[in-house]
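Peer 1: The lines below spell out each chain.
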Amino acid sequence: MNDTIRDVVFVDGVRTPFGKAGKLFEETRADDMIIRCIRSLLRRNPGLPPERVDEVALAATTQIGDQGLTLGRTAALLAGLPKSVPGYSIDRMCAGAMTAVTSVSSAIAARQYDIAIAGGVESMSNHPMGEGVDPNPRIIAEKLVDPEALNMGNTAENLHDLYPHITKERADAYAVGTQQRYAAAVERLSADVTTMAARSVDEGWTVATADELPRPGTTLEGLASLRTPFRPHGRVTAGTSAPLTDGATACLLADAETAAELGLPVAMKMVGYAFAGVDPETMGSGPIPATEKALARAGLSIEDIGLFEINEAFAVQVLAFLDHFKIADDDPRVNPWGGAIAMGHPLASSGVRLMTQLAREFAVHPEVRYGITTMCVGLGQGGTVIWENPNFKGAK
Amino acid sequence: MYATPLDLPDFAEEVVTEARVRYLEPRGLGGKAAIITLDNGYDHTKPSSFGPGGLKNLWHALDEVEAAEDVKLIAVTGKPFIFLAGADIKLMPSLESREQGLMLAQAGHSLYKRLKDSAVPTFAFINGVALGGGFELALHCHYRTVSTTANGLGLPEVSIGLIPGWGGSQILPNLIGIEKAAQVIVGNPLNQNKMLRGTDLVPLGIADAQFEGADFLEESLEWAVKVVSGETTVERPEVDRSVWPAVMAGARQLVDEKVHNASAAAVRALDLLELAQTATFEEGSLAEDEALADLEAAPQFQSSIYAFNLVRALGKRPEGAPSPGLAKEIGKVGVVGAGLMAGQIALMFARRLEVPVVMTDLDEERAQKGLAYVRSEIDKLEAKGRTSKLKAAKLRSLVSASADKSVYADCDLVIEAVFEELGVKQAVFAEIEPIIAPECLLVTNTSGLSVTAMGAKLARPERLVGMHFFNPVAVMPLVEVIATDKTDDETLATAYAVAKKLKKTAVGSADRPAFIVNRLLGRMLAEVTGAVDAGTPIEVADVALDELGLPMRPFALLELVGLRVAWHLCQHLNEDLGPRFPASQNLRRMAEADFPVFDAAAKGKGRLTDAAKGLIELGGEASSAEEVKERVLKGLAEEVRFMLDEGVVPSPKQVDLAMIMGAGFPFWLGGLTPYLDREGISTAVSGSPFAANA
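So the protein lines, in turn, are chains A and B.
Last residue of the first sequence: 397 in this note's numbering, with the numbers rising by one and none dropped.
Last residue of the second sequence: 805 in this note's numbering, with the numbers rising by one and none dropped.
In isolation and in its complexed conformation, chain A is listed as follows:
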């Protein structure tokens, strides 16, 4: 028995265009979206014999209907993977796909798999947040969680309360910046965006080729005038929040030797990961302890990290993270190609979107050795994965 763990590599990642909930993909099945991602991955990596895939782990927050029926298995079958390839479903709300990646990666490291597909999907059109939930009455009776914390917008307002130095103005400025960075990078991002057929009974078929949500012309003035839907005279607006989104992602992970054997590209090497819990009422602070924990386990410090892909559920939550680690609001290492406020956040799928984006950024930043992908999670969690850049040529 070989008791050494193996290097896990991120080979490739793809996603569908992200659609505005209730619009482009309203009549598109969620499973069809992730099936398209899996098929695109296989086409992009013709050196991979499909029967070599040892696992398909797919995430969705609401696992019913077209996101149910053990999506990992059904989507694998429907994508045309051999019937011998197994699959399962996984859920950690917004960090679903991230957890799919860390789960299969652990198994790859431990020599239980050689190759796995991980991804996630969320049709927020058809599975809005909170669909079918049945919170335990003890949550209220024993005051375990403020019921208002089940609404993510409220937790964002709470973060503003907790960190009064994060003003609405700072949040608005951050949002304008991420829109601009996205607009500047949209062509580069498109390399990993597959097309997706979308039908509307009333309008007929189209094929989506681009994200539907970005607002490249966003200005501070425009944002200032938006209402604050979560609290009267609050600070969180639609402009500083990730919009409700439909979309899917998938990625290919392998151990380094198998990747070399099959000639699969190595886009990133996994260094380590951590998940951590925080108060559900301020769930947006989750990335802070998760990142501290992951860095500590890896023996790294925040100064070692050259690129940050942080999910922008809300601008305030990103700023809380940056403040904690003493990083400037407009630091060019943070979400350099834009984030979820611009392109959208289809809950369980976003984790792999961050990774795919970081992988592309690594390729053009050989001076960067380490990067992280991190995100906050409803009910008070954070997740962070640290990645190493195989293109690293030494610091500038």
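Treat the hints with caution; some may be incorrect.
Claimed, not checked - DMTMM-like cross-link-like pairs, simulated, lysine to aspartate or glutamate; straight-line CA separation at most 25 Å:
| no. | chain 1 | residue 1 | chain 2 | residue 2 |
| --- | --- | --- | --- | --- |
| 1 | B | 143 | B | 129 |
| 2 | B | 500 | B | 515 |
| 3 | B | 143 | A | 193 |
| 4 | B | 143 | A | 188 |
| 5 | A | 84 | B | 493 |
| 6 | A | 84 | B | 703 |
| 7 | B | 500 | A | 52 |
| 8 | B | 568 | B | 600 |
Note that these hints are calculated values from the structure, not bench results.
Starting from the structure of chain A, add chain B where the hints point.
Peer 2: Relative to chain A, chain B alone:
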């Protein structure tokens, strides 16, 4: 004036197919793509089709796309699983004049020509069912992709008395060559209306690329963009024009042999295919218009539409069947007998009902031999890929055999398939009635014996019903369901429900000799053998019915049925129905011959050996072929009238449906009675037409 869709009058009953346009900007195109979705607003169980409204919608959609700026690619596709199922068949009978038919033909041409002549490249993304006018729409586009999972593709017009007249007969042979085009346009429709599958189109040269169903539209569009940008070049082999005359001659001979040119549509389609060798597209289109208008106005087409609707409607909801809710669940089936027919029946029940089926025979050896036969048939199904490995294993586990009839104790239905003799069948039922459960159905597969007489000695005759399957039972789509006066509604409803699960078309018949199909085929053969007995040479009598285009000539039918069975039927009909079914002594001598009567070298064509010819004794009154035909048709008209008077069936519709499904009588005859009507035979014989289509 050459009509466009805008000239067509509205058709009130049309389910109008919309043509919805969406624009997008795919990467690499450098402009807009227009996707036109054809959708009638229903799910795939109601395929989109084109009537005047649908044609107009696509016309307007093309207007819109042409007016739009920067469109670099036009693609037409359909709602899920359906591209376009062709012209609305409900519309056809409402065409009141040849002029209207001509206008409809022209309107289709005017519309589709716009796709063909478009300055912007046009693509058909064939995502599913594409039949007739739907298939032709795709043929007009500059390029075609097809989903590998698409089903129901082709040009079936000839099967219903039409021709592919919206460009199909001219474009297809010039796209894929005359040989393959003749197969698609004439061969397939005459071969039980065989359809093409998605994976057939690229090998045939009809589609330029195929993609899997899972992301068919995305991949089709990506391919189309590459074609427009020049990154992908579509190469089509040059059509070989030198083979045209030889292929046409072969095709004409085939149609002559197969249906003796009785299908006017097939002959007209051949003419158009021939024309396609030299005609310009415009000349070809005009010829298609004329052919369509002629055929739509012809009685053959009216009969075809009648037959088409008959099979679709009455074939699914049999007349006279009690409420399906009365049917009992069948959890186990018993088959009495383990011979060839019994084995086929056992396998069919196991395959379709997926319940245990047990056969019995007189001793263990015969029972096991019968079981071995069934297992070998299952092996064959598996080897041919007709069943999966798992399904084959399931079938093997479902079918068993025994010499002990106590295995029937827990059956819900027991069907006998023993020797066709009343005494034998009565004895079988007498033996098993004490064994079976009180609610168990008793079914006889008799081809013509009295079911009432069979049940005369039963304690519970109300659970006895006849289900007459045709040989070979797995293939022939008809079952005649025979209720006696005593058969109760639960039993009859169950018989119909079982027929449906067996995927058979059920036609009810009263318990009268030979029921429907065998009685009429018996009468037909009686008239033919009668003519021979009277002095008509076999060669003359055998071809007398050629112009009807029946699937077989009389002597080929005799060879297929078997002379002994035919003689048995002949005697039986003679005894039960009298001298209009004479006991032909020529038939008797052939049946009793101890040497081969039919020439094996003729491969089932019913040609007599020289030795057999010596058996035939001709009387002194020879008839011409025309006289034999008249004699047969009058005989059939008389027999149908008798059957209606006796209440064998409630209306001539059941006769027609039974002859189509049980004897392969062609659509262009409408089965039988519409042909007898239009030839004036019905009126000549009985004073009035059958008017089945009234």
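Peer 1: Would you mind marking each hint as holding or not holding in the structure?
Peer 2: Results of checking the hints against the structure:
The hinted pair formed by residue 143 of chain B and residue 129 of chain B meets the criterion: a straight-line CA distance of about 21 Å does not exceed 25 Å. With a C-alpha separation of about 30 Å, the suggested pairing of residue 500 of chain B with residue 515 of chain B is violated against the 25 Å cut-off. The hinted pair formed by residue 143 of chain B and residue 193 of chain A meets the criterion: a straight-line CA distance of about 22 Å does not exceed 25 Å. This hinted pair checks out: residue 143 of chain B and residue 188 of chain A have alpha carbons roughly 18 Å apart, not beyond 25 Å.
The hinted pair formed by residue 84 of chain A and residue 493 of chain B meets the criterion: a straight-line CA distance of about 20 Å does not exceed 25 Å. This hinted pair does not check out: residue 84 of chain A and residue 703 of chain B have alpha carbons roughly 59 Å apart, beyond 25 Å. Between the alpha carbons of residue 500 of chain B and residue 52 of chain A the distance comes to roughly 21 Å, so the proposed pair stays at or under 25 Å and holds. Between residue 568 of chain B and residue 600 of chain B the CA atoms are separated by roughly 20 Å; this keeps the pair inside 25 Å, and the hint holds.
In this structure, the hints that do not hold are numbers 2, 6, in rising order.
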